Structures are given as C-alpha cells and as structure tokens.
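Use the sequences and the hints to build the structure in full.
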Amino acid sequence: MIKFYSGASRLAFATALSAAPTLALAQVAPAPAATEAPAAADTGDIVVTAQRRSENLQTVPVAITVVSGDSLRAQNINSTETLDKVVPSLTFKRGTANVNSTIAIRGLGTQSFASGAEPSVSTIIDGVVYGRSGMATQEFADLDRIEVLRGPQGTLFGKNASAGALNIVTRSPTKTFKAEASAAYYDRAEYRASGTVSGPISDTVGALISGYYGNYDGNAKNVFNNTWVNGYEKFGIKGKLKGEFGALSVNIAADYSHEKDDCCGDILGTFIPGAQFSNIFLPQQRPVVPRYGNRSLNNNFTPGTTDTNTGVSATLDYKLGEYTLTSITAYRNWKNRQLRDGDFGSQSGQYVAVTTPDTPGATQNIDQRDDGRLNFKQYSQEIRLASPSGRRFEYVAGGFFWWTDEQDTFTRSDSFCASSVLAIDATGFRPCSTAPTVSNFVTSSGPAAWNTKFRSQAGFAQATWEVVDKLKLIGGIRYTHDTVSYSFARSVSVADASLRPGIQGAFTSAQRTSADGVSGKAGLQYQATPDLMAYGTYSRGYKGPALNVFYSMTANNTAPISPETSNAFELGIKSKFFDRRLTLNAALYSQVLENFQANSFVTQGGQTFVTLTNAGRVRSRGFEADFSLRATDHFTLTGGYTYNEGTIRAFSCAPTLSAANLATCLAHNGKPLPFAPKHKFNLGADWRLPVEDALPFTVRLGSQLSYSSRINFDLDQTPLAQQAPYALVDANITLGSKDGKYELSLIGKNLTDKYYVSFITPAGNGVTATSYQRLQVPRDAQRYFGVRGTVRY
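Residue numbers 8 to 800, in the working numbering, belong to the letters of the sequence shown in order.
FYI, nobody ran anything at the bench for these hints, they're computed from the structure. Since the structure is predicted, the reported quantities are computational estimates derived from the model, not experimental observations. Don't take each hint at face value.
To be verified - Calculated cross-link-like contacts (lysine to aspartate or glutamate; reagent style DMTMM-like; alpha-carbon spacing at most 20 Å):
id	residue 1	residue 2
1	342	378
2	477	538
3	182	151
4	761	194
The structure is reproduced here in structure tokens:
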C-alpha cells in the first residue's frame, strides 16, 4: 500500500508539472482564485456551519471534509455522483434512476428502492433537509462549498443523519454588483453553461439569480436504433432575496430544475452461461457481447428518466441581544418518471417463455417494460436558538418538524409467447411462430399504486462548556418521534402466474408503524495551542423505522423494519504546521450499528429485485486524514485518505431456516459491507506558474489522482457484484487575465482511460449458470477532454 501511494503521489505531481491539459485539484481547503496570489501570512482558514453556527473548521470537533465550489467546477464535478472522487470517505451509488441513487459515508448508508425507507446520510442544502437522496442529485450551479460531515450527526442535523451529512451551501446575494458566466464543451457532445448575477436592489435588500443548462448525448450505444443513451438534457434556475432590517435578517430562496435523460441503461457484463443464455439470449444480443468493459446495449425500449425539482424556503434570523433565533420554513416537490427495458434485449416471443431450473423466470425471452411515476411532497420547519459565540458556555437548542407525502404508480407489462405447437429445436427450447393457431402470444400487465407518509417531530440541544482554559466539555441530545405509513394495491391483467413473468399477483396492503428514538453526543475538546486541537467524542445515532414498500412487494414484505441505532467513537486532531502552511486533520473512528437497514438481492417470479431488511449488527472502523500543504505561494498539494473496515458482525438470520440455509446465512458474518472499500484516497496538485512578469496572462496547472480499492455492491457477497481496484488521473490548465475577469480552462478526465462501474446488479449467485452482471457505467469511466470559458464582472 505504501509503495502504491508513493507511486501515486509522484504520478500526480508529474501530471501537475506537465504541459498537457491538467485537472484541478479537489481540495480540503479551497485554493485561492486563479488571479489571487496567497500572501505569506495567509492562514487558509475555512468557515463552516457544521454546528449550526459559523465557526473556523479547525475548531470544530467533527471529522469534516470541505470542498469549494470553485474546485469542483475546475474538475467538471457538477453533482453528487462524482463527489466521492474528492472525498475518500464517501461512496455514491448511481441507480437506474435518481430515485434509486444513494450516498454512503464510511461504508454506511441505506440503499433502497422502498418509498418507506429513508437514507442514512442526510443532505442539507442551505439549511433545508432533503428527504430522499435522489432529490439532491441536482446541478452544483451556484455552489459556495460542500461540508461532508462524517459519523452520526443526529443531534443537530437530525433527520437521516445516522451515518453522516452533506451540508451544501450555495452562494448568497452580495452587497456589490457581481456577475459570472461560463460555458463548456466536452468530448462526445457534452455542453454546459451557467450564470450568476448578484447585487443590491436597495439599501437593505440584495438579490441573486443563477441558472444552468446542460446537454450530453451519452456514453453507451444502443445498437438497436444506433443511438447514444445515458445522456441528459437539464436546466435549472434559482433566486434568492436577502434583507437586513435591523435585528431581523430574512433570506428567501426559490428554485426549479428539470432533467430529461435516457439514463440509465443496464449494460450487460460478465455472464456464466446456461442453455438459454447460450442458445437464445446471447444470439439475440448480437452484435453486443456481454462482458465487463462493455459499453453497448441492444434494447427495443429506450430507457428514460424525467426529474422535476421545485422548492421554496424562508430563513429568518432575529437577534435577541447577543442571542440568535432562527426559523427555517421549507416546501419541496419532487416529480420523477422512469421508463425501463426490463428484459435487457430487443427480441422476444421467439421461444416459449417458461420457467425451468436453467432459466429462472425466462425473462430473457419476453418483452418487458416498466413505467414508474413518483410525486414527493415535503414540508419542514426548524426553529433554534443559538447563544453568543466566543463564550465559555455556548449552546444551540431547538425543534424540528417534518411531513412528507409520496404518491407512486408503477406498471410492468410483459409480451411473450405462452405456448406453441412447434417441436423443440436445436436450442433445446420450443420455438414460436406468428402463423395462425401455431402459437399463443400473451400480453399481461401489473399496475400498482401506493401512498407513503412520514411524520417526524424532534427536540434537540447541544452545548460546549470551557471548564478550564483550553478544555471544553461537549454534550448534546435529541429526542425524535417518527411515524411512517403506507397503503398499497397491485392488480394483474392475467390471473395465471405462469403467464406473467416478473409480475407478482394481485396484492393489497396497508401498514403503519412508529418509534421514539434518542440520539446524542458527548466528548472532550482540548486546544493545546492556537494551531493544534484534539478531541474525543461518543455519538449515539438513530434512524427511524421503515416499511418495505415497492412494486414487487408481497405478504412477506409487510413487516415493519426496526429503527437503526449506532454507537460511534471518534478521536481526532485539527492542526496547522510550518507557519500554518500545512493543515493536517485526522481521525480514528469506530461505529457499530444495530438493526442495520440494508438491501439484499432476491430472485422472485423470475425477476431480480432488492428487498429491505434489518441485516443485524455491522461495524465500520478505520482511520481518516485530510491535508492541505501550501508549499510555496504558488504551489499547493491537497489530499485525503481513508482506511475503512466495514464488516458484517452478526447477520440477522430467520429463525425458520434449515440447517443448510442457516449455514449460508451465517456465512455473511465477517464479510465486507456494500459500498465500503477498504482503501480510498485522492491527491491533488495546484501550481500557479510565476509568469506574470513575462506573460500578459496567468497560468495555472492542476492535477488529481483518486484511488479506490475493491468495492462490494451486494450484502450477500455475490462474486459478480464487485468492482476491482481502480485509479483515475485527471488534469487541467487554466489561462486567466490578470484582473481575474476572464479564464480559459482545458480539462482532461480519466487520462488513463480506466473502465469502472458505479454499481452492479447481480442476477443469480455469481457462481452457477445463468448468473450475470447488469452494470451502471458512469460518464467518467472513459477518457475525455473539454474546454471551459469563464467571464466575471
């Protein structure tokens, strides 16, 4: 490992010095703007709001990685999907649609299709908690910074924060007029543009308006109609008003975004062929050859997703002497539609679709199409009181109220040959024909509709007390009451179960569950010197109950999922050395979760789907470090490293299992958690060439190396559901005017052209015949280049 890391460091450094297009660093501390040379006395201090008040990052007793908006834009990181390349402890799982996407921190996160489950990593944008991970995949158009808080954050951030939180802060209206616009083009017809205008509209009120547009053809070829898929067209607009009226500050924000894409097609990967695979399915896929490394598909039904996000919020800060009373009122609406080719092929009806031991569900010979719609409404209200900063005793206390209402509809339709009088042919299967009276072709459908509601109320308080000079006690507690309920109904157009592969029978159900939970924090913080702080904390995490509500649910899925609780310990330091040129923050952590809410893959009725379960006890422990070294006034190195042991400690087995099945179940113990690579790091370099006296413009070079060890995507340890270790190298070069008004950047991504996947859905157990991979291949899984121009006023 040490040898690899050393080699990676040299590679990133060499890339930064090269004259080729270079990628800008992803940094723990934001690099200065291209036109601003850092003064020798520059401390590089960063202000964060991780404890619900503005504080210096180096004084906050929480493991935090901060990434600036400028740094992300320099690297063409525009959403949470590739944020994990610059935050080693974070892993993003891209589903076939935003509704199925999720985030894990330190290997902990809830990956679920169920509408009755919530994420374990909370996403907060400008103080507003987002109820579903898929809502937060919006564009980083007007981003100021992202604070990634690791470990349980339930005391102050509460909802969905048992594993961590992404605190996203966008730009605020400025007191002077400012404007910025940028446009970019990247290989394979990707266009992006954004703009922001900000300034005062009166002596007491400022305004900001920003917008973006993006268009991309895609990175996968559908040979059926010779088109590209996995692309997008998106646009959005956000407006803010900020008023200062004596003791009262009012911030009103509204946003709208719309994305329509043909994402994400299932790319067929490595397979273990059986009779139907070899004799029917694979010949129908031609010229596509399913394998790891594949970038093509053969679908007669183009995948598509439409996302519309709308929201409005009002944040009021009222000064009560030296105290601050804050109210955040917000409403959000998320509408999603997803269309999927469920059979992953372009031909159907050539052979009788029947289930045999060799062909589970026979889904390779039907035309299966999915159409799902979601309408999610969220209302939230937070009120809190913050004591004055800089006192020996400081506290934040308040209440949080939360309501959500989600309406889902989903229809799966199958068209296939149900019977035929023709004799079995050389494939070993019975062919079909459209000739009269020869074969019976059937179309069946299974429409379902369900409604899911969450209600949550919480009270919280956290305080620090400097008992003696430099030593502080930390204490916090949160009490939460959660209620979740649903009603569900599914019908089928064909009663015979054998004539509707992948569609469960008619089913209705309704359920309601509630729970009370306590989360909290206790610890010590010692400021040894102005540049060295050490802390130790214990955190109690809580994630509310869940209901496993999804399209294919049956009576086996109606039992409530118990709340998830955790106990986490963290020892950390925040430090600066060498005249504050080196910032080094590190932490040791251990977190044990009980009743871990997780997915496992299940084959039922010939269809592979995920089901939510209480997986038992799991543990995440390891070491993390972030650093930023301003080696000279012109050269900066930044990076982060995470060593994480995410393991299943005591898998929850059903009490009715046979001896053989029990042995298989218990074999989970000691196995790695999904989305928990053991080693992950990033290393970046940023060099502003000292050429201002010789050239009429500035030159800035940057590079970034990111590495991840093996990732397991399946709780059941399916061998084909694993991504091998991989490393990515990016680079950029930026030319700018000396007054900072103009910039031109050349950007190179994945310079070594490394293929990797962001998710694998396994079919079968990955060992026996008819097992195969369905791959999600991200945009950055291939080499590409781009150019971006920026104008500022």
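Tested hints:
1. 342 with 378: Roughly 14 Å between the alpha carbons, so the hint for residue 342 and residue 378 holds.
2. 477 with 538: Holds. Residue 477 to residue 538 sits at ~12 Å (cutoff 20 Å).
3. 182 with 151: Given pair residue 182, residue 151 holds - Cα atoms ~16 Å apart, limit 20 Å.
4. 761 with 194: 16 Å, holds
Checked against the numbered hints above, the structure violates none of them.
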